[in-house]
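**Student:** Could you put together the complete structure from these sequences and hints?
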Amino acid sequence: MTMLYLLLLLPLLPALHALREHEAGRLASSTAAGALLSLGLSLLAQNQAAGPLRLDGVGLFYLLLTDLLFALVALYARAYFQAGKDRESWRFYAAGNLFLFAMHGAYLAHNLGLLWIFVEGSTLASALLVYHKGGARALEATWKYLMLGSVGIALGLIGVILVYALLGGATLDWQEARALVRGADPAQLKLAFAFLLVGFGTKVGLFPLHAWLPDAHSEAPSPASALLSGTLLNVAFYALLRYAALLGSAGLFDFAAGLLQGFGLASLLAAGLFLFVQRDYKRLLAYSSMEHMGLAVYGLGLGVPWLAMLHTLFHSLAKTAAFLSAGNLLLTYQSKLIARVGAVHQVWPATAGLLVLSLLTLAGLPPFGLFYTEFQALLRSSPLLMGLYLLGLLGAFAGLLWPLSRMVFGEGHGVGLGAPPRARTLVVVPAVLVVLALVLGLFPPVGVVERLAEVLSWKL
Amino acid sequence: MVGRKSLDALIRLYALQNVLLALLAFVLAEGERHFVLAGLALLLLKGVLIPRYLFWLLERLGVSHEVESYLSIPLSLLLGGVLVGVGFHVGSSFVLEGARLPEAVPVALGLILLGMLSMVSRKKAITQVLGFLALENGVFLLALAETHGLPLFIELGVALDAFAAVVLAGVLIFRIRTTFNHIDTARMRDLKG
Chain A
1 MTMLYLLLLL
11 PLLPALHALR
21 EHEAGRLASS
31 TAAGALLSLG
41 LSLLAQNQAA
51 GPLRLDGVGL
61 FYLLLTDLLF
71 ALVALYARAY
81 FQAGKDRESW
91 RFYAAGNLFL
101 FAMHGAYLAH
111 NLGLLWIFVE
121 GSTLASALLV
131 YHKGGARALE
141 ATWKYLMLGS
151 VGIALGLIGV
161 ILVYALLGGA
171 TLDWQEARAL
181 VRGADPAQLK
191 LAFAFLLVGF
201 GTKVGLFPLH
211 AWLPDAHSEA
221 PSPASALLSG
231 TLLNVAFYAL
241 LRYAALLGSA
251 GLFDFAAGLL
261 QGFGLASLLA
271 AGLFLFVQRD
281 YKRLLAYSSM
291 EHMGLAVYGL
301 GLGVPWLAML
311 HTLFHSLAKT
321 AAFLSAGNLL
331 LTYQSKLIAR
341 VGAVHQVWPA
351 TAGLLVLSLL
361 TLAGLPPFGL
371 FYTEFQALLR
381 SSPLLMGLYL
391 LGLLGAFAGL
401 LWPLSRMVFG
411 EGHGVGLGAP
421 PRARTLVVVP
431 AVLVVLALVL
441 GLFPPVGVVE
451 RLAEVLSWKL
Chain B
1 MVGRKSLDAL
11 IRLYALQNVL
21 LALLAFVLAE
31 GERHFVLAGL
41 ALLLLKGVLI
51 PRYLFWLLER
61 LGVSHEVESY
71 LSIPLSLLLG
81 GVLVGVGFHV
91 GSSFVLEGAR
101 LPEAVPVALG
111 LILLGMLSMV
121 SRKKAITQVL
131 GFLALENGVF
141 LLALAETHGL
151 PLFIELGVAL
161 DAFAAVVLAG
171 VLIFRIRTTF
181 NHIDTARMRD
191 LKG
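Just so you know, the protein sequences line up as chains A and B, in that order. All letters in the first sequence, in the order written, are residues 1 to 460 by our numbering. All letters in the second sequence, in the order written, are residues 1 to 193 by our numbering.
These are calculated hints, taken from the structure and not from any lab test. Among the clues, some could well be false.
[What the hints assert, rightly or not] Straight-line C-alpha distance at most 27 Å; calculated DSSO-like pairs for lysine-lysine:
hint	chain 1	residue 1	chain 2	residue 2
1	A	Lys190	A	Lys133
2	A	Lys144	B	Lys123
3	A	Lys336	A	Lys85
4	B	Lys123	A	Lys133
5	A	Lys144	A	Lys133
6	A	Lys336	A	Lys190
**Tutor:** Below you can see the structure in the form of structure tokens.
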């Protein structure tokens, strides 16, 4: 009972700590400790319920992933900000813990209205993360993110209101809603879902609502970019999971499937094209996130939630590692342009290795996990979609690996470079993530995820 | 709303809109406590606090109080009219069974669309915030019209989110002013592709 409220409020403690204490080392410890404590607590709190909060399998899955990534990124951030001589890292920890609070709320909320509130809250907190210390470009990115995100999510609220009205204003509890939704008018439920898809889809970064995504990811400090890609996109996707299951319960999954598959493929193909024109490696990674969220949405559209969840798990691990390695590049080369980076394998071999491994994962090569989920999704597709899907994957593959080979093995631009920073955390944290992604990819935890996803199943 | 030239008038209009919305909530309340509470919170937060904050912001910014738009006034009025028409046209398909106030649904949709119009057609950052607030009010009106109001704690949470968004936007506008020396979002276009 009280455990859930404790779990919800826990991240606020380090957030308060960050307002008083400005020393990065202590902040990193308290933040990571808070996240790891929540990790343990959430394992104990499974299937508990209290008021509008309940922790079921899907919520637990994402809560664990979020806390794990957050703890690791908090440790990395300390070394990153120290190497960058950034004395204002407390801003990152304060906003980050506020963000974690909103994420906890979203995964614990079992009430669709409360879920909306916390998703919007995570937008606001992450806008602070993107802004960090400011500057013209960060301001522009934050403003764009705040405006687009708020409008998108306001449209999502229309969807929530319509669902509530369709249930006769009886309840917003997800379980109860699924039982009641059978009696709702199908045409109007479809309308509500369209609004929800646009609303939460803006935050997932679905084409053509993705305009904020590359800007925010590239202008945020690297640990914040890693959090955006590894955790923020998931929370909106998680809301879509819930609503897709709601439509499934109403017997309208075919309609939802059409929309989800269409938007998913469109994002995949669009991201595949955008990858080719990028000159900034953080934007490159951002478009790769858009690609993978498109794939996850497509997987959900195939009617296999566990596959989509597994995809987001692998993506989060690999993309966090990739953004952290990109942070190392930025520290070394002081530039985000692909053309200014070269011969990483000589300058900083460990980072080169991490970059290669994480990008190979993201490109979907075997034996990494994303290959497994992409292949499974392919097997379940219809022939026409299969062709488009392969085309998109191929585009993303080439678009990602060509710049990678240029950066890692291309000619060096070592003029005027100091020695790269030598803090071990900068390498250890992404290495842990890469190893985790590799092990999970070799032995995909299909059984576990399937069991956790059971609560979503709508087949009778 | 889409035709006024002065920002002060726009903010006063917004405050008035909220007072009217709160009155509507009171009328619909019929003694239900949570309606009254939601109405009160609305009146305080959106009718008083947010407008005061916006006036204070405008004062401190030291920019002209004139609305700058990509569109001329007649054109915005025309577009606004068209959008309201669209709202009324599609409104009927949004009216759900058992809606409490079906007449208000098209109005809510019109307000949402007008809010969006002012967000995309205005240059000053602060007018975009006003557009967002109008949109938000449209959504609130929709909730009043379609249902017996969202549960109180949800309603309060939503209002709190909106308030936090406005405060955050205000802080950002200050920074935009000090960094660029203007608050014209049309001239912020460094990030592309």
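**Student:** Each hint: holds or not?
**Tutor:** Right, here's what the structure says about each hint:
| no. | hint | result |
| --- | --- | --- |
| 1 | Lys190/A to Lys133/A | 43 Å, violated |
| 2 | Lys144/A to Lys123/B | 13 Å, holds |
| 3 | Lys336/A to Lys85/A | 18 Å, holds |
| 4 | Lys123/B to Lys133/A | 25 Å, holds |
| 5 | Lys144/A to Lys133/A | 17 Å, holds |
| 6 | Lys336/A to Lys190/A | 43 Å, violated |
Going through the hint list in order, the structure does not satisfy hints 1 and 6.
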